[in-house]
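Next come the chains, spelled out residue by residue.
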Amino acid sequence: MISLHQVSKSYETPAGKFSALRDIDLEIDRGEFVGVVGKSGSGKSTLLNMVAGIDRPSSGSVGVAGTAIHGLSENKLAVWRGRNVGFVFQFFQLLPTLTAAENVMLPMDFSKSFPFRERRKRALALLERVAVGAHADKLPATLSGGEQQRVAIARALANEPSLVLADEPTGNLDSVTATAILDLFRDMANQGTTVVIATHEADIARVIDRRIEISDGKIRPSSV
Amino acid sequence: MTTLWRKAIRDFWHERARTALVVLAIALGISAFAAVLSSYAILTRELDRGYLATNPASAVIRVDSIDDDLVNAILQNPEVSDAEPRRTISGQLKSGPVQWRNVMLFVVNDYGNIRVSKLVPEKGAWPPATGEILIERDAFQVAKASIGDAVIIKTANGVEQPLVISGSVHDVGQAQARMENIVYGYINLATLAQLGEDPYLNQLNILVAENRFDKDHIRRVVADVEEVIKSRGHEVRRTDIPTPGKHPHSDLTGILLLAMSSFGLFVLVLSGILVINLLTAMMASQVRQIGVMKAIGGTRWQIARIYFGQALFLGIAAVIVSVPLGILGSRALCRYMAMFLNFDINSFAVPLWVYLLVAVIGVAAPLIAAAYPVWSGTRAPVRVALSDFGLSQTTFGASAFDRALTRIGGTFSLIAFAIRNSFRRRARLALTLLTLAAGGLFFLSALNVRASMINTLDQLFGARKFDLTVSFVNSYEMEKIQRAINNTQGISKAEGWFATEASLEARRFNVVALPPDSQLQEFDIIEGRSLAPGDTDTIVVNNALASREPKMRAGETVMLRMGNAETTWRVVGVAREAFSPAVAYIPHSGMVNNLRLALDKSDPDAVSLVKADLDRNLEQEGVRARSSVSTADTRFAFDQHMLMIYVFLIVMSSIIGGVGGLGLMTTMSLNVFERRREMGVMRALGATPRIIWLMIVAEGVVIGVLSWTIAAILAWPISKAIGDFMVKIMFKSGLDFVFEPVGLLIWIAVSIGLSAAASFLPAWRASRVTVREALAYE
Ligand SMILES: Nc1ncnc2c1ncn2[C@@H]1O[C@H](COP(=O)(O)OP(=O)(O)O)[C@@H](O)[C@H]1O
Ligand SMILES: [Mg+2]
Chain A
1 MISLHQVSKS
11 YETPAGKFSA
21 LRDIDLEIDR
31 GEFVGVVGKS
41 GSGKSTLLNM
51 VAGIDRPSSG
61 SVGVAGTAIH
71 GLSENKLAVW
81 RGRNVGFVFQ
91 FFQLLPTLTA
101 AENVMLPMDF
111 SKSFPFRERR
121 KRALALLERV
131 AVGAHADKLP
141 ATLSGGEQQR
151 VAIARALANE
161 PSLVLADEPT
171 GNLDSVTATA
181 ILDLFRDMAN
191 QGTTVVIATH
201 EADIARVIDR
211 RIEISDGKIR
221 PSSV
Chain B
1 MTTLWRKAIR
11 DFWHERARTA
21 LVVLAIALGI
31 SAFAAVLSSY
41 AILTRELDRG
51 YLATNPASAV
61 IRVDSIDDDL
71 VNAILQNPEV
81 SDAEPRRTIS
91 GQLKSGPVQW
101 RNVMLFVVND
111 YGNIRVSKLV
121 PEKGAWPPAT
131 GEILIERDAF
141 QVAKASIGDA
151 VIIKTANGVE
161 QPLVISGSVH
171 DVGQAQARME
181 NIVYGYINLA
191 TLAQLGEDPY
201 LNQLNILVAE
211 NRFDKDHIRR
221 VVADVEEVIK
231 SRGHEVRRTD
241 IPTPGKHPHS
251 DLTGILLLAM
261 SSFGLFVLVL
271 SGILVINLLT
281 AMMASQVRQI
291 GVMKAIGGTR
301 WQIARIYFGQ
311 ALFLGIAAVI
321 VSVPLGILGS
331 RALCRYMAMF
341 LNFDINSFAV
351 PLWVYLLVAV
361 IGVAAPLIAA
371 AYPVWSGTRA
381 PVRVALSDFG
391 LSQTTFGASA
401 FDRALTRIGG
411 TFSLIAFAIR
421 NSFRRRARLA
431 LTLLTLAAGG
441 LFFLSALNVR
451 ASMINTLDQL
461 FGARKFDLTV
471 SFVNSYEMEK
481 IQRAINNTQG
491 ISKAEGWFAT
501 EASLEARRFN
511 VVALPPDSQL
521 QEFDIIEGRS
531 LAPGDTDTIV
541 VNNALASREP
551 KMRAGETVML
561 RMGNAETTWR
571 VVGVAREAFS
581 PAVAYIPHSG
591 MVNNLRLALD
601 KSDPDAVSLV
611 KADLDRNLEQ
621 EGVRARSSVS
631 TADTRFAFDQ
641 HMLMIYVFLI
651 VMSSIIGGVG
661 GLGLMTTMSL
671 NVFERRREMG
681 VMRALGATPR
691 IIWLMIVAEG
701 VVIGVLSWTI
711 AAILAWPISK
721 AIGDFMVKIM
731 FKSGLDFVFE
741 PVGLLIWIAV
751 SIGLSAAASF
761 LPAWRASRVT
771 VREALAYE
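Chains as they are written, first to last, in my numbering: chain A, 1 to 224; chain B, 1 to 778.
Simulated from the structure, these hints should not be mistaken for lab results.
Quick caveat, the model's predicted, so the values are computed rather than measured.
The beta carbon of each residue, even a glycine, is placed where N, CA and C say it ideally should be.
Be aware that one or more of the hints could be misleading.
Here's a subset of chain A near chain B, in silico, CB distances under 10 Å, partners left out [unchecked claim]:
id : residue
1  : E74
2  : G86
3  : L94
4  : F116
5  : R119
6  : N159
From chain B, some residues computed to sit far from chain A (all C-beta separations above 10 Å) [to be verified]:
id : residue
7  : R86
8  : T239
9  : V363
10 : E495
11 : L520
12 : E527
13 : K728
Given the sequences, and given the hints that come with them, work out the whole structure.
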């Protein structure tokens with residue numbers, strides 16, 4: 001499903017070149033639930049961004065579901081991402097002037113993936129699935145953090161992606177809510193979706209299939 | 001409706017006050033443009049329709065006299081569809097006890113059968129009976145009389161004949177009587193006889209049969225007609241061929257409207273700047289949202305469409321607001337122009353193409369303005385948009401300029417802080433300053449152009465030391481006239497001049513012969529020298545003639561034809577005379593045909609008294625005055641024309657000032673919006689709402705003062721250019737430029753007031769935000 005080959009990423013900083021990822025080789029199978037753990041600044045987000053096509057490797061190749069995404073243009077990447085990847089952010093990142101349901105409909109509108117009329121119905125079903133159906137027509141600012149993250153997860157599922165990536169999805173939530181959110185991801189994986197979660201908290205062992213530990217831009221050999 | 005459109009609309013609704021400001025500003029621009037454009041469409045249509053409806057003469061031929069045989073002979077020519085005899089004779093009209101006014105009498109034989117250059121009866125009698133006169137509707141104010149009044153008319157022969165004003169007519173083809181300061185009167189042949197004139201007609205209004213708009217064709221036909229006239233023993237005195245199908249003022253109208261429409265476009269461009277500011281700020285504040293949208297599958301174009309959609313909305317809303325405004329504006333403008341040109345507007349209907357053009361431009365302008373901000377705002381790659389790195393928020397303090405700014409004021413003060421703050425968004429500041437400064441520039445220009453026009457006229461009229469000009473029908477010996485002058489009270493100085501025409505290679509211009517040591521006329525010599533006592537064959541030309549005739553340079557010798565004689569003249573100098581037609585001045589000797597008088601008192605009543613007294617005394621000497629014009633009346637006519645330019649510039653500067661004010665308001669509200677967090681911090685550190693409020697108003701005022709500085713620096717060259725341009729259009733002449741310093745004072749007051757007012761609302765809103773709200777804002 002996911003295969004990274006000799007992926008490196010370095011940033012130009014005022015202090016010189018900084019290597020955020022070094023020679024990463026990684027294979028993740030379909031339906032796997034993988035946790036990428038590491039300290040803050042270790043390179044988790046960078047890694048996830050490579051897989052989502054949000055960022056490009058400085059060298060190496062990234063293949064997702066048979067597509068060599070490191071070679072796609074920004075626009076092609078966006079289209080590809082819209083259809084194949086769902087992304088969940090640490091700060092939820094719901095659009096503030098759209099209601100919960102509209103936020104969920106947004107990826108469908110971008111990808112034109114479902115008939116226009118079905119989009120809202122589908123959005124409501126997804127919100128129901130993550131247990132915030134009652135809040136469908138509320139604006140994000142009126143929702144709690146946990147509710148917002150649930151909406152964000154519904155949004156990530158909008159186009160039935162085969163891959164869901166989540167970058168510290170529980171980082172801004174209390175532990176009870178965090179547990180509930182992680183369970184949602186577990187459900188997703190159980191239904192065949194590949195899920196990759198980045199987190200700096202170690203207590204996700206309970207839900208994940210495989211743990212990849214990363215530090216200083218390298219994957220700890222023991223963890224793979 | 002997809003979620004994308006909903007986002008576009010809701011984001012705008014979320015900031016509705018600011019959105020409304022920008023819509024209003026664009027609407028102002030479009031309204032100005034729409035008003036001028038529809039006026040152009042209405043006026044050109046109505047002016048030409050009204051003028052063509054009178055069946056204007058293709059040519060006017062003046063002959064010695066006309067009889068039926070001559071008319072019939074001319075009509076033999078199949079190329080001539082009509083030839084109508086008329087007569088135009090100048091005279092004077094008196095409605096009150098003393099005041100004589102110049103009158104142009106149009107004599108028509110058969111009012112029931114006018115086919116060429118038609119008159120439109122308005123009120124009262126039609127046709128005028130013998131002993132009656134009709135007055136052009138615009139001339140009643142000049143005549144100071146109304147229908148039913150008896151007025152005294154006299155022509156050059158001196159017979160004073162009372163006539164009753166029995167009605168009014170509209171003569172579309174004449175320039176506005178008030179502007180020309182002359183009365184147009186219409187009488188029949190029998191009335192002409194009552195005035196002591198031989199009752200004959202001497203002017204043929206010719207209408208060609210085909211190709212009525214082809215001047216060359218008209219010229220050929222007229223040449224044939226002239227041959228016929230000559231072959232029958234008549235004399236052709238003068239032939240005039242007006243531009244076919246064009247009202248005499250239609251060019252001027254077109255140029256004026258052109259100038260105005262370029263102004264309308266300019267305002268539109270300025271309001272486009274607001275769109276740039278608004279969208280640049282929106283794009284900056286939505287980077288993260290844009291990043292998220294890209295992350296969940298939005299392409300750059302899909303996302304850009306949201307913001308283009310907003311620009312589209314701005315344009316459509318503005319067009320909707322401005323169509324009625326523009327129509328109202330165009331009505332006012334059309335009425336004003338119609339009054340100026342003395343014609344009627346039958347229909348204010350605005351043609352469809354105007355609506356379409358306004359809609360297209362109104363919708364396109366914000367879209368074009370949005371292009372750069374939207375395209376560059378959607379450029380950031382997802383990673384950059386989402387990361388806490390990357391996106392370099394403009395950091396203050398990086399450049400030497402910033403550090404220089406921090407030195408202003410030395411210790412911390414509100415003003416120093418406000419100055420620093422206003423420089424944080426350079427591009428936005430520059431664009432805001434541009435609109436505000438433009439308003440200031442037009443205002444200062446209006447005052448400067450006005451002052452310069454007054455100055456120029458003062459110079460022109462200052463050189464004329466006479467208060468009154470009396471023209472005679474014939475030429476007389478000065479002794480005769482001197483006796484009349486001696487018998488008249490209130491004349492301090494008098495000179496007899498001689499005015500005629502001359503031609504150089506068949507191009508005509510005026511010649512004025514005056515005493516070489518004239519005390520009543522001074523020359524502003526710009527080349528060579530003035531006339532001097534003892535000169536005989538010397539000539540001084542004014543700048544209008546010098547620029548028309550390259551041969552007329554100091555030191556050159558020219559052959560001029562005057563009457564039937566060709567004579568040689570030495571050009572000794574060129575004199576500057578603003579707003580004048582081409583004139584050559586030569587030393588006077590012999591007979592005089594006009595009189596220049598300096599009076600003891602030059603108020604209108606004193607001038608009228610002298611006029612009346614002198615007329616009587618001249619008559620006793622057997623001298624017939626054709627017209628007398630006071631210099632003050634001439635000046636009045638000039639001032640009327642100048643007023644138009646001035647009013648136009650003032651209207652312009654207030655509209656641009658309005659756009660500038662709205663722009664500043666938008667800028668301030670954006671500045672405040674972006675700095676909410678910072679203000680929260682300041683509040684947390686103990687700043688009172690009052691301080692926050694003052695700080696923001698001070699920032700607005702700093703921008704206002706900056707814009708004033710720019711306007712003040714540019715005002716001189718720009719107002720000179722504008723003044724020269726407008727005066728060149730209207731008078732083909734230059735300006736004696738002066739700078740009006742009071743304008744600077746007024747405008748700094750307006751700038752401070754406007755900028756304080758524009759930042760008042762944003763400042764008030766900012767000062768009300770609580771610390772918690774401000775810090776929580778994301
Ligand atoms: N745009 C960037 N420019 C420079 N350095 C960056 C940039 N993005 C990330 N980094 C650096 O790369 C390293 C890895 O970052 P990241 O992948 O965000 O870590 P994590 O998500 O594990 O906290 C960090 O040290 C970070 O400072
Ligand atoms: Mg991270």
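Quick rundown of the hints versus the structure:
no.: 1; hint: E74; verdict: 6 Å, holds
no.: 2; hint: G86; verdict: 8 Å, holds
no.: 3; hint: L94; verdict: 8 Å, holds
no.: 4; hint: F116; verdict: 8 Å, holds
no.: 5; hint: R119; verdict: 8 Å, holds
no.: 6; hint: N159; verdict: 7 Å, holds
no.: 7; hint: R86; verdict: 75 Å, holds
no.: 8; hint: T239; verdict: 74 Å, holds
no.: 9; hint: V363; verdict: 24 Å, holds
no.: 10; hint: E495; verdict: 83 Å, holds
no.: 11; hint: L520; verdict: 79 Å, holds
no.: 12; hint: E527; verdict: 68 Å, holds
no.: 13; hint: K728; verdict: 54 Å, holds
The structure shown violates none of the earlier numbered hints.
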